Amino acid sequence: MTTHNALYKYLLFLGDNGLIQGHRLSELCSNGPILEEDLAMTNLALDHIGRAQAFLKYAGEVEGKGRTEDDLAYKRGEREFYNNLIAELPNGDFACTMARMLIVSSFEYLLFTALCTSKNATIAAIAAKAVKEAKYHFMHSRDWCYRLGKGTEESHRRLQNGFNEFWMFTGELFEMDADFAALANDGIGADLTVLKPQWLTLVQPILADSNIAIPNVDYMQTGSRNGIHTEYLGHILSEMQYLQRAYPDAKW
Amino acid sequence: MVSEDIHSKEGIFRLLSSICDPEIPVVSIEEMGMLRDVIFHEHSCEVIITPTYTGCPAMGIIEDDIIALLKQHGVQEPKVTLVYSPAWTTDWMTETTKQKLRDFGIAAPMHSSCSSWIKPANAHVHCPRCNSKNTKVVSQFGSTACKALYSCNDCKEPFDYFKCH
Ligand SMILES: [Zn+2]
Numbered sequence: 229m230t231t232h233n234a235l236y237k238y239l240l241f242l243g244d245n246g247l248i249q250g251h252r253l254s255e256l257c258s259n260g261p262i263l264e265e266d267l268a269m270t271n272l273a274l275d276h277i278g279r280a281q282a283f284l285k286y287a288g289e290v291e292g293k294g295r296t297e298d299d300l301a302y303k304r305g306e307r308e309f310y311n312n313l314i315a316e317l318p319n320g321d322f323a324c325t326m327a328r329m330l331i332v333s334s335f336e337y338l339l340f341t342a343l344c345t346s347k348n349a350t351i352a353a354i355a356a357k358a359v360k361e362a363k364y365h366f367m368h369s370r371d372w373c374y375r376l377g378k379g380t381e382e383s384h385r386r387l388q389n390g391f392n393e394f395w396m397f398t399g400e401l402f403e404m405d406a407d408f409a410a411l412a413n414d415g416i417g418a419d420l421t422v423l424k425p426q427w428l429t430l431v432q433p434i435l436a437d438s439n440i441a442i443p444n445v446d447y448m449q450t451g452s453r454n455g456i457h458t459e460y461l462g463h464i465l466s467e468m469q470y471l472q473r474a475y476p477d478a479k480w
Numbered sequence: 005m006v007s008e009d010i011h012s013k014e015g016i017f018r019l020l021s022s023i024c025d026p027e028i029p030v031v032s033i034e035e036m037g038m039l040r041d042v043i044f045h046e047h048s049c050e051v052i053i054t055p056t057y058t059g060c061p062a063m064g065i066i067e068d069d070i071i072a073l074l075k076q077h078g079v080q081e082p083k084v085t086l087v088y089s090p091a092w093t094t095d096w097m098t099e100t101t102k103q104k105l106r107d108f109g110i111a112a113p114m115h116s117s118c119s120s121w122i123k124p125a126n127a128h129v130h131c132p133r134c135n136s137k138n139t140k141v142v143s144q145f146g147s148t149a150c151k152a153l154y155s156c157n158d159c160k161e162p163f164d165y166f167k168c169h
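Each protein sequence line maps, in turn, to chains A and B. Take any residue in the first sequence, note its place counting from 1, add 228, and you have its number in my numbering. Take any residue in the second sequence, note its place counting from 1, add 4, and you have its number in my numbering.
Here chain A stands alone, though its shape is the one from the complex:
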C-alpha cells in the first residue's frame, strides 16, 4: 500500500527533475550558440520549471506542513533532493546538451504518458500537460541529433562524446525502489521497468540514423533515489538557494 511519505517523495522526484534540469538549462540563457537556440533552451528551461512548480506545490500540500513550492525549492538540502543524477550534470558543449536532452525528453515523454492514467488525479492532470511539452523537447533534440550526427566530422565527434558522457546515467532513470513499486502497484506511479524497453525502442533508431554508436558501459551510476548525488548538485543549490539562505524569507 502507498504510504503518505512515499507519495510525498515521488512528488519530490517529479518536481526535482524539472527544477534541476530547468535550472541547468537556464544557464544557457544568453550563452546559446545561436540566438534561436538561446531562445529554445530558455523555453525548455521554463517548461521544466513550470512543471516543477506544479509538482512541488502539490508535494507541499501532501506533506501537510504548510510548505510552499518555493520553500521546497529553496530550503531543502542536497540529500533531500530526488532528481535523477543526469539532470544535475553540467551542460557541456551544445552537442552534449542535445544528447542529454534526447535522453531525458524521451524518458519524460514515456513517463508522463504513463502518468496520464495515474489514479491520482493531480498527478494525471500535471502529466497531461507535461507530456505535450516533453514531446516538443524530444522532437527538437531529435532533429539536432540528426543534424549534428550527420553533419561534419567535428559535430559527429562531439555528439558521440555527449552520449558517451551521459550513457552511464541512463540506468538510474528506470530504477525502482520499494516506494516506487508500491506506488506503481496502486496505479499512482509508473512502472519504470516497463518503460525501459519502450525507451530503447524510441531512442535506438534515432542514434542509428545519426550514426551514433550506443556506448558500451559496464557500470551504471546510481544514488538519487536515496538522495545521494554527484558533486554538481551542491553547486547548483548554492547558487539557486543563495538569496533565501542569505536573507531568509526575502520577498520581491
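In short, the hints are calculated from the structure, not lab data.
Below, computed lysine-lysine pairings styled on DSS-like, alpha-carbon distance capped at 25 Å:
1. B:Lys140 with B:Lys160
2. A:Lys479 with B:Lys83
3. A:Lys378 with B:Lys140
4. A:Lys363 with A:Lys424
5. A:Lys347 with A:Lys285
6. A:Lys363 with B:Lys140
7. B:Lys83 with A:Lys293
8. A:Lys285 with B:Lys83
9. A:Lys363 with B:Lys102
10. A:Lys285 with A:Lys363
Every value quoted in this text rests on a predicted model; they were computed, and no experiment measured them.
For chain A, the structure is supplied; the task is to place chain B with the ligand on it using the hints.
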C-alpha cells in the same frame, strides 16, 4: 463603466472578457480558452483558470488582473484557482479567435493532430501577411512559450506561429 450582473457566471465571464493575455493583447483569456469556470461560494467568488504552458509567466499577471477587475466591480472576496485538467489545447480556439491572431500578424495554430512526431507532418503554416504557404521554420521556439519563429519565402517577412498544442 459597464455594469454587469456580478452574481451570475455569465456576468462574470462578460466582465473578464476584457482581460487579455498580456503577451497577445488582441485575444482575451476567454477566447484563449484559459477561463474555465466561475464558482460562487457563500462569501466569495472563485474564478477557475488553466495555464497554456505549465511555466507560462503571464499567469501571475492574469491572476492579478482578474482580482483587480472583480474588486473594482464590487465582487466580494474574489479568488483565482489554477487547474491543470483538462489540459489546455489550442483546439479550443474558435475560428474567430484564430482570425484575430492572423490580423495581429501571428499565424494561427493548426489542429493539435499536426504535432505528431512519429511521422513529421508536412502541414503548411500560412504566412499571416500574404497567406502564402511557402514558409519556413526559423526556430521551433519563439519569444514566448506558445510561439515558434517562421519566415515567409514569398513576402520575405518573419512572423510568429502560434504552436499547436
Ligand atoms: Zn508572406
